[in-house]
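Chains A and B, in that order, are what the protein sequence lines are. Numbered by the working numbering, the letters in the first sequence go through residues 1 to 219 in order. Numbered by the working numbering, the letters in the second sequence go through residues 1001 to 1219 in order.
Because the hints were derived from the structure by calculation, they are not lab data. Each residue gets a CB set at the ideal place from its N, CA and C atoms; glycine is no exception. Some hints could be false.
[Stated by the list, open to error] Short, incomplete list of chain A residues facing chain B, as computed with Cβ under 10 Å:
(1) SER25
(2) ILE29
(3) PHE58
(4) MET119
(5) LYS121
(6) ALA122
(7) PRO178
(8) LEU198
(9) ALA202
Listed below, chain by chain, are the residues.
Number of protein chains: 2
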Amino acid sequence: MKPIKISEAVVRRLPIYLRYLNELSLSNIQTVSSQDLGEKLDLNPAQIRKDLAYFGEFGRKGVGYNVDYLIEKIRQILKLDKTMNVALVGTGNLGRALCNYNMYIKDNMKIVAVFDADMSKAGTSINHLQVQPMQELAETVRKLDIAVGIITVPAGEAQNVADRFVSAGIRGLLNFAPVVLKAAPGVRIHNADFTAELLSLAYYMDDQNEEQEEGDAEQ
Amino acid sequence: MKPIKISEAVVRRLPIYLRYLNELSLSNIQTVSSQDLGEKLDLNPAQIRKDLAYFGEFGRKGVGYNVDYLIEKIRQILKLDKTMNVALVGTGNLGRALCNYNMYIKDNMKIVAVFDADMSKAGTSINHLQVQPMQELAETVRKLDIAVGIITVPAGEAQNVADRFVSAGIRGLLNFAPVVLKAAPGVRIHNADFTAELLSLAYYMDDQNEEQEEGDAEQ
DNA sequence: TAGATTGTTAATCGATTAACAATC
DNA sequence: TAGATTGTTAATCGATTAACAATC
């Protein structure tokens, strides 16, 4: 129906919009303009309007966007209007942190199964979820209709875990391990690699003197 | 000296190169071509060559790049040839996970101070570091010459923590909280917002039937 | 020498921004 | 009506990719 290809950059901004709109809604603010959004989110208002316009006409000329309506629409676009089940592999510090994060309440993404290769961890529980051994992964993914896998294992094991997720029929992966994963086409991989973010931050940490040359500029 | 402006996208790829080069070095592989790198990292070889060429001529025509030499060079570019001190605020699950992560050994970024607003946590220790109360932040940042701050507090407190970091003289922030932070120009902010990554992943999770229309395509 | 691979220029592609008619 | 703000087209800007001479 819609032959327009939506760019990755656009999709990546939608959750940012959603997040702030939720804040506005909680403050009982009913209407917001692209200008307001742009200031708050450090984005160009034209870009925001264009992003939203890819999906429909959600605003009213001369008025702006109805906050709750826009929330509803973005949630539909992101397919967050129904619960999406998620599995996580790797119950180290990071994995446990994510399990406790519950995004379920607002965002409909729910970690419903947790796995660890370390058999001794099987049966222990994290945030009301029993840790399962890896052998049960495929079956659980199928049974619970899990669409997305989160990988929080050491770099060396990440590809192996990814492979197991993919052959279990998962269609999206959120990878926290500092490696580039390979997967069959059709499986979407997002990386949440803070080590890369931190190291690239170092590049911009000039000495104070240099700083004057380079000036302020971008963010 | 160098008036060429290096784009953000380029800088963001350098840690990815570095990471894989370190792997190669550990396997005693001496030489690598942009082709090899491209295949392994899912990037265009021309892009890799171009990225590196911004900073100098590191390769040899007909041969490729010397792995250890390239590692050394990228580390210099990213200013990882000397230790960079880092402070972290927020000792929840995520904060503790990061403290235990030690990137120090390979990457010269070292968390040397940890803070929490919750006074009752002061004095407890995480990975050999004593948690300090927020009042000590400014002084510690100065004393330990801390350049980068990591924010792992709830969304509602993140801007406040950022402000305190900035007025303490920090020059870079890695923000894990799901908000857009504001800071004076000259302070670099990187976001490590996995909630946004996860929500945008949902967009691509079509039903199996739709999947056929949209095909395989990008990653 | 023949084969391989860089560094770099030019071509392409895509994303952001400006501008403005439409209209609430 | 006057002011505000959208949706959208056109202009700009920037990033990626292709191509190839240089050369190891």
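Hints versus structure:
1. SER25: 15 Å, violated
2. ILE29: 16 Å, violated
3. PHE58: Where the cut-off is 10 Å and the nearest Cβ of chain B is about 16 Å from A:PHE58, the hint is violated.
4. MET119: Hint violated; A:MET119 Cβ to chain B Cβ min 22 Å, cut 10 Å.
5. LYS121: 16 Å, violated
6. ALA122: 21 Å, violated
7. PRO178: It holds, given that the least Cβ distance between A:PRO178 and chain B is near 6 Å, below 10 Å.
8. LEU198: With a closest approach of 5 Å, the A:LEU198 hint holds.
9. ALA202: OK, holds: A:ALA202 within 10 Å of chain B, min 5 Å.
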